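Asker: Okay, here's what each chain looks like letter by letter:
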Amino acid sequence: MAVNKEPYQQAYYPPNPTGFTRYMRTSFLWQIIRFFVINYKMLKLMSKSHH
Amino acid sequence: MSKIVILGAGISGHTAARYLNKWLGKKHEIVVVSPNAKWNWIPSNIWVGVGEMTEDEVTFDLAEVYKKTNATFLQAKALSINPEGSSDSERPFVTVEYTIEGKAGQTENIDYDYLINATGPKLNFGATEGLGPEHGHTVSVCTAQHALEANEKLQENITAMKAGEQRTFVVGTGHGMCTCQGAAFEYIYNIDHTLREEGVRDKANIVWISNEYELGDFGMGGVHIERGGYITNGKTFAESMMVERGIKWVTRAHVNKVEAGKIHYETMDGAQNEQEFDFSMLIPPFAGVGLKAFDKSGEDITGDVFAPNGFMKVDADYTPRPYAEWGAKDWPRTYQTPKYKNVFAVGIAFAPPHLISKPMQSANGTPINPTPPRTGMPSAAMAKAVAMSVRDMVNGSEKPTHTASMAEMGAACVASTGAHHFNGTAATMTVFPVVPDFEKYPEYGRDMELTTGEVGLAGHWMKNLLHHTFIYQAKMKFGWSILPD
Numbered sequence: 001m002a003v004n005k006e007p008y009q010q011a012y013y014p015p016n017p018t019g020f021t022r023y024m025r026t027s028f029l030w031q032i033i034r035f036f037v038i039n040y041k042m043l044k045l046m047s048k049s050h051h
Numbered sequence: 001m002s003k004i005v006i007l008g009a010g011i012s013g014h015t016a017a018r019y020l021n022k023w024l025g026k027k028h029e030i031v032v033v034s035p036n037a038k039w040n041w042i043p044s045n046i047w048v049g050v051g052e053m054t055e056d057e058v059t060f061d062l063a064e065v066y067k068k069t070n071a072t073f074l075q076a077k078a079l080s081i082n083p084e085g086s087s088d089s090e091r092p093f094v095t096v097e098y099t100i101e102g103k104a105g106q107t108e109n110i111d112y113d114y115l116i117n118a119t120g121p122k123l124n125f126g127a128t129e130g131l132g133p134e135h136g137h138t139v140s141v142c143t144a145q146h147a148l149e150a151n152e153k154l155q156e157n158i159t160a161m162k163a164g165e166q167r168t169f170v171v172g173t174g175h176g177m178c179t180c181q182g183a184a185f186e187y188i189y190n191i192d193h194t195l196r197e198e199g200v201r202d203k204a205n206i207v208w209i210s211n212e213y214e215l216g217d218f219g220m221g222g223v224h225i226e227r228g229g230y231i232t233n234g235k236t237f238a239e240s241m242m243v244e245r246g247i248k249w250v251t252r253a254h255v256n257k258v259e260a261g262k263i264h265y266e267t268m269d270g271a272q273n274e275q276e277f278d279f280s281m282l283i284p285p286f287a288g289v290g291l292k293a294f295d296k297s298g299e300d301i302t303g304d305v306f307a308p309n310g311f312m313k314v315d316a317d318y319t320p321r322p323y324a325e326w327g328a329k330d331w332p333r334t335y336q337t338p339k340y341k342n343v344f345a346v347g348i349a350f351a352p353p354h355l356i357s358k359p360m361q362s363a364n365g366t367p368i369n370p371t372p373p374r375t376g377m378p379s380a381a382m383a384k385a386v387a388m389s390v391r392d393m394v395n396g397s398e399k400p401t402h403t404a405s406m407a408e409m410g411a412a413c414v415a416s417t418g419a420h421h422f423n424g425t426a427a428t429m430t431v432f433p434v435v436p437d438f439e440k441y442p443e444y445g446r447d448m449e450l451t452t453g454e455v456g457l458a459g460h461w462m463k464n465l466l467h468h469t470f471i472y473q474a475k476m477k478f479g480w481s482i483l484p485d
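Residue numbers (the numbering used here), protein chains in the order written: chain A, 1 to 51; chain B, 1 to 485.
Among the hints, erroneous ones may be present.
Stated by the list, open to error - If you want the footprint, here are the derived chain B segments under chain A, 3+ residues with CB under 8 Å:
(1) 109–116
(2) 167–180
Claimed, not checked - Computed, partial: chain B to chain A, Cβ under 10 Å:
(3) GLU134
(4) GLY229
(5) THR232
(6) ALA238
(7) SER240
(8) TRP249
(9) ARG333
(10) MET377
(11) ALA411
(12) VAL414
(13) PHE422
(14) PHE432
(15) PRO433
(16) THR452
(17) ASP485
Think of the hints as simulated: they come from the structure by calculation, not from any bench.
None of these values were measured; they are calculated from a predicted model.
Cβ coordinates follow ideal geometry from the N, Cα and C atoms, glycine included.
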């Protein structure tokens with residue numbers, strides 16, 4: 001018998017990733033793109049950090 | 001010829017030493033003093049703590065690396081500074097005590113023209129009764145050796161769970177005034193990942209406990225990031241990661257005592273609570289390493305040179321003010337000490353002017369708030385700026401020529417959430433600037449283009465890349481100086 005998910009609990013409110021989001025997190029091709037984007041942002045951040 | 005002494009060979013001390021050796025090593029004398037024989041890439045201790053890496057993969061012998069340079073390496077701990085010299089010496093000096101076998105316990109005075117204090121933190125396990133691996137009941141990942149011991153205990157628990165037993169894991173901060181929540185944050189996810197890989201996650205109750213007011217504070221007052229068409233707070237991001245993995249959390253907690261199998265903590269409402277555990281990794285609070293300072297006549301001036309928490313006062317504005325009046329300009333820019341223009345403090349060794357997170361206290365008056373993080377990228381950035389200033393001062397400049405305020409620099413944190421080349425992930429967070437500047441960025445205090453967060457395999461690759469790049473750079477191998485810090 002199914003049990004109702006209890007509201008007003010800690011785990012009830014935060015967003016939970018969908019299957020698609022979870023898939024994209026380890027999708028090889030998408031993550032290669034993200035790898036270059038993260039690298040670009042980090043290098044930009046580093047270049048702005050040295051005075 | 002000038003003599004530059006660097007106290008400490010961690011991320012900030014070793015960064016300063018590398019550059020000063022490159023720029024000044026042939027014509028000037030550089031002395032590096034560290035009580036530790038090995039350099040440790042601390043961010044990868046997380047992987048040692050779950051058995052993914054060995055101690056040798058995250059450390060290397062400092063003396064061997066310094067042999068390749070013109071710098072002198074002394075395995076010793078600094079005890080005191082005489083920035084005005086003494087009745088016997090016109091020149092300023094530091095007193096050190098050797099820790100290397102054969103000379104252990106011997107003291108020596110080392111004079112200097114310039115001093116860089118990069119002594120890092122004292123891991124202050126003593127602040128909480130029963131905390132820590134040496135005299136307490138919790139493990140640590142703050143050193144490679146601690147992480148090895150943590151993994152041994154983790155494996156014992158995995159063996160017990162495979163035999164059918166239930167286990168409770170508690171990870172977080174061991175005091176109301178801790179910083180470095182990021183390390184605990186990474187460790188809890190790596191434990192979760194390891195237990196899943198071992199097929200025993202269903203036998204584990206995993207609990208996060210921290211002094212943050214809300215999850216995702218990280219001692220920076222939290223961050224806002226753009227996600228899914230909204231500007232959302234890092235709290236949402238952090239809570240989502242916990243819920244996804246079935247991890248419960250306790251925030252606003254000051255751990256005040258640890259007994260075998262039981263953590264006692266106070267919460268913001270003043271209530272005293274208990275949390276049982278079978279395995280617990282709690283980060284200790286940090287303090288200064290306990291350096292003393294004396295003037296020429298031998299009078300103790302420690303209180304003038306250092307803040308009460310043992311960190312060195314630099315060019316920050318230490319005037320006490322309420323939170324609403326804090327500003328980016330309070331934060332130090334050159335890391336030069338106000339009275340002694342040839343003395344600098346970088347990394348964890350400098351005294352922040354105040355917290356970054358809003359100060360909070362329990363109904364009993366107990367402070368429960370994270371202290372400012374200043375490890376990793378900020379440590380290296382301030383060390384390089386100070387190295388450039390010292391180089392220029394040695395060459396004739398009257399004052400520091402470079403700045404590295406934490407209110408003008410960013411930081412990146414790649415928090416592993418499971419090590420694997422194809423199904424591992426990490427949370428990659430960037431923040432700019434570390435200290436929010438509401439004059440420059442009125443809405444959120446930060447540049448929203450450079451303040452980001454995402455979870456994915458790319459983050460794991462980044463973490464791996466950073467591990468190998470920074471160890472390569474720290475070993476001063478061919479072309480190290482063109483790599484970013």
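Asker: Against which earlier hints does the structure fall short, listed by number upward?
Answerer: Checked against the structure, the hints that fail are numbers 1, 2, 3 and 4, while the rest are satisfied.
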